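Keeping their order, the protein sequence lines are chains A and B. Just so you know, the first sequence maps onto residues 1 to 387 in the numbering used here. Just so you know, the second sequence maps onto residues 1 to 296 in the numbering used here.
It is possible that part of the hints are untrue.
Only pairs whose alpha carbons sit at most 20 Å apart, straight line, appear in this in silico DMTMM-like list of lysine to aspartate or glutamate [said to hold, decoys possible]:
no., chain 1, residue 1, chain 2, residue 2
1, B, Lys220, A, Glu89
2, A, Lys170, A, Asp203
3, A, Lys103, A, Glu84
4, A, Lys191, A, Asp366
5, B, Lys220, A, Asp46
6, B, Lys220, B, Asp268
These aren't lab readings, by the way, just hints derived from the structure by calculation. These numbers were taken from a predicted model, which means no experiment stands behind them.
Listed below are the residues making up each chain.
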Amino acid sequence: MKPTSLVAAAAAGLLFLTGCGTSDGGSSGVDDSTITVGFLGNLTGDASGPYGKPFQNGMELAIADIEKSGVLDDAGLDLKVLTEDTGSELSTAVTKYNGFRNKDVDIVVSDSISTIAAGLAPLATSDKVPFLTGSGSPIENSEGYGFHLADLDTPMTTLGEQMAEQGLRKVIAVVDGDNPSFKTMANSFEKGMKGAGGAGLIDTVTVTAADTDFSSLMTKIQSSGADGVFISLLPEGSGNVVRQMEQYGGLDDVEPIGTIAWSGQMYEVAEDAAVGIRFALPWAPGLPSSAEFEEAYVAKYDAEPNAYSAIGYETAWLIAQAAVMAADDGAVSAEALKDALPDASTSEVLAERGVIDDFSLDAAGDPSYPGTVATFDDGGQIVAATD
Amino acid sequence: MSALTQQLANGVALGSVFALYALGFSLVLANLRVFNLAHAAVFTWGAIVAWRLVDGFGIPLVLAIPATAVVSGLLNVACYLLLVSHLERRKNKELAGFISTLGGFIVLTEAALLYLDRRAVRLPSDSFPSATWDLGLFRINSIQVLILLVTVVVFLAYRWLLRSTSLGRSIRTAAFDEEVARLMGINARGVSAVVFFISGATAGLGAVLVAMAFTVIDGKLGSAYLITAIAVMVIGGFGSMSGVFVGGILVGVVSTTTTAYISSSYRDVVIFGVLLVFLVARPTGLFRGSDVEERV
Numbered sequence: 001m002k003p004t005s006l007v008a009a010a011a012a013g014l015l016f017l018t019g020c021g022t023s024d025g026g027s028s029g030v031d032d033s034t035i036t037v038g039f040l041g042n043l044t045g046d047a048s049g050p051y052g053k054p055f056q057n058g059m060e061l062a063i064a065d066i067e068k069s070g071v072l073d074d075a076g077l078d079l080k081v082l083t084e085d086t087g088s089e090l091s092t093a094v095t096k097y098n099g100f101r102n103k104d105v106d107i108v109v110s111d112s113i114s115t116i117a118a119g120l121a122p123l124a125t126s127d128k129v130p131f132l133t134g135s136g137s138p139i140e141n142s143e144g145y146g147f148h149l150a151d152l153d154t155p156m157t158t159l160g161e162q163m164a165e166q167g168l169r170k171v172i173a174v175v176d177g178d179n180p181s182f183k184t185m186a187n188s189f190e191k192g193m194k195g196a197g198g199a200g201l202i203d204t205v206t207v208t209a210a211d212t213d214f215s216s217l218m219t220k221i222q223s224s225g226a227d228g229v230f231i232s233l234l235p236e237g238s239g240n241v242v243r244q245m246e247q248y249g250g251l252d253d254v255e256p257i258g259t260i261a262w263s264g265q266m267y268e269v270a271e272d273a274a275v276g277i278r279f280a281l282p283w284a285p286g287l288p289s290s291a292e293f294e295e296a297y298v299a300k301y302d303a304e305p306n307a308y309s310a311i312g313y314e315t316a317w318l319i320a321q322a323a324v325m326a327a328d329d330g331a332v333s334a335e336a337l338k339d340a341l342p343d344a345s346t347s348e349v350l351a352e353r354g355v356i357d358d359f360s361l362d363a364a365g366d367p368s369y370p371g372t373v374a375t376f377d378d379g380g381q382i383v384a385a386t387d
Numbered sequence: 001m002s003a004l005t006q007q008l009a010n011g012v013a014l015g016s017v018f019a020l021y022a023l024g025f026s027l028v029l030a031n032l033r034v035f036n037l038a039h040a041a042v043f044t045w046g047a048i049v050a051w052r053l054v055d056g057f058g059i060p061l062v063l064a065i066p067a068t069a070v071v072s073g074l075l076n077v078a079c080y081l082l083l084v085s086h087l088e089r090r091k092n093k094e095l096a097g098f099i100s101t102l103g104g105f106i107v108l109t110e111a112a113l114l115y116l117d118r119r120a121v122r123l124p125s126d127s128f129p130s131a132t133w134d135l136g137l138f139r140i141n142s143i144q145v146l147i148l149l150v151t152v153v154v155f156l157a158y159r160w161l162l163r164s165t166s167l168g169r170s171i172r173t174a175a176f177d178e179e180v181a182r183l184m185g186i187n188a189r190g191v192s193a194v195v196f197f198i199s200g201a202t203a204g205l206g207a208v209l210v211a212m213a214f215t216v217i218d219g220k221l222g223s224a225y226l227i228t229a230i231a232v233m234v235i236g237g238f239g240s241m242s243g244v245f246v247g248g249i250l251v252g253v254v255s256t257t258t259t260a261y262i263s264s265s266y267r268d269v270v271i272f273g274v275l276l277v278f279l280v281a282r283p284t285g286l287f288r289g290s291d292v293e294e295r296v
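Can you make the complete structure from the sequences, with help from the hints?
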């Protein structure tokens, strides 16, 4: 046999042995006691700053806490995370997902970006592998394998109610038209305002994520007589809007309001102009129940946690608890994990160890939690809004 | 004050930035017949230099602005020496120059992205005073005033330089015919380097103003304005200084009013719709730039 033929035959043999087909979702990649998590993180690209890195950091922090707590050891289980970078691109995410197929992962996790979640969920359903995403938009869940973990509706509705109760009547919204989740948040905010007797949104201005000149928006805000502007953009774009509001002048009486997607990055951009602006968060910053998480996060990553850090943290605990519950019921399989996830979300372990108060996940794959209203203090620290 | 007059004022300020960008670009194109794509990357680096000077070294913005103009001018001269000067004797020097400067654009843009670690940075908010004045028909803030002032001063300086100085005469002679210029004892290469310096310095000035007004500096800052600048030159008329100025203002007003009354998603569609109309109905642009006297 010629050397080239030999190499080709060896390669074909290896391909056969490693398996090119899809997983049947039945077993763990290492052994039954090891839960293999495939994490498709947006670790570079546009979504890295607001979603990918904070989510990964939150997960890492939780995994260290899970190991310390011994909950998996007590159940004879082990957690292994395989991480791949999507580059914030759906095509790369699909390629990396296909790589996970060959590694027989038990569960796939993705931080956020609605388009990536929408693209991966049908693949996971077809492979019968539970898929958890930090995305706010509902995903494919026809067979119960798709779960999204960001509840955009409840916290934004709560914020809308609170702003209306405090007297805001005419609010103009600026919405990122490139991402449907930002429109969802504006709708929920308006629902909350109307529910509390407010007029809702008097106008919605759609911008693109690439926009940097907001002078025409400032003129619109001024001429509309609005007393509030709901900024449903990524943290960096939101910071630009707030900073340009200050530069533009004459908008001191217009109160900016933010979304659950905001983070410390917003303060970095807007600086002191961000102090006192209210926005929603999944967890309650500064309260004893979350103080440990916040302190550990800042100590390890030298950055403030954001909503996706909290969701990442919650996700790892959710998977660990679902694995323990599945093991208690007999075996840890992909199907057992997806069946256990809703019950795990409301378990005592999650209530005690998780960072998001009253977190729950239903069998349809939708999350729910009330969230809290937060703001930036003078030093840029995220704290619970007190009024 | 009405919303429309205010939007028009916003458009004039934005258009002034477009005009500044296009002035430098057009200066090289009209006089040396080089489509210098590296101009976009020089613009980006101008903003980065200003950010480093102000945020990194604590230099006041009032000193950082001229320093940025000088550094950007020198960077553009380096682009000329490395990318263009050795191609001048080639028969197809325009195409070769285009390809060569495209390479320079890619290298400099990637270098900017790597330098910034693909993040956006910004000038500190306290690096310039913020004030607003109500002029009756519209309000104007301190940054918009600075943009308008710098653009008008640069425009007048270009006119004076090209029409009333011996350097301007040398530039116009070299633009008319390089061989004639050499026979007249003009150092055509030196004149070209000066043209590139002025063009780069103008890009640097525009970049600082953009960084101040729109509060974002990233590795693709210059690329974002490149296509718009080409539209400005076509609408204004290639080679016409007045055309670039008026074309910039027109595109700025179209951009702002589209964003205000339709959506920013349609802004480029409308701008390039206007460009197509000009290409069909008035291909020479608003101002005919064929006269060497008018070249920028």
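(request) Would you pick out the hints that fail for this structure and give their numbers low to high? (result) none
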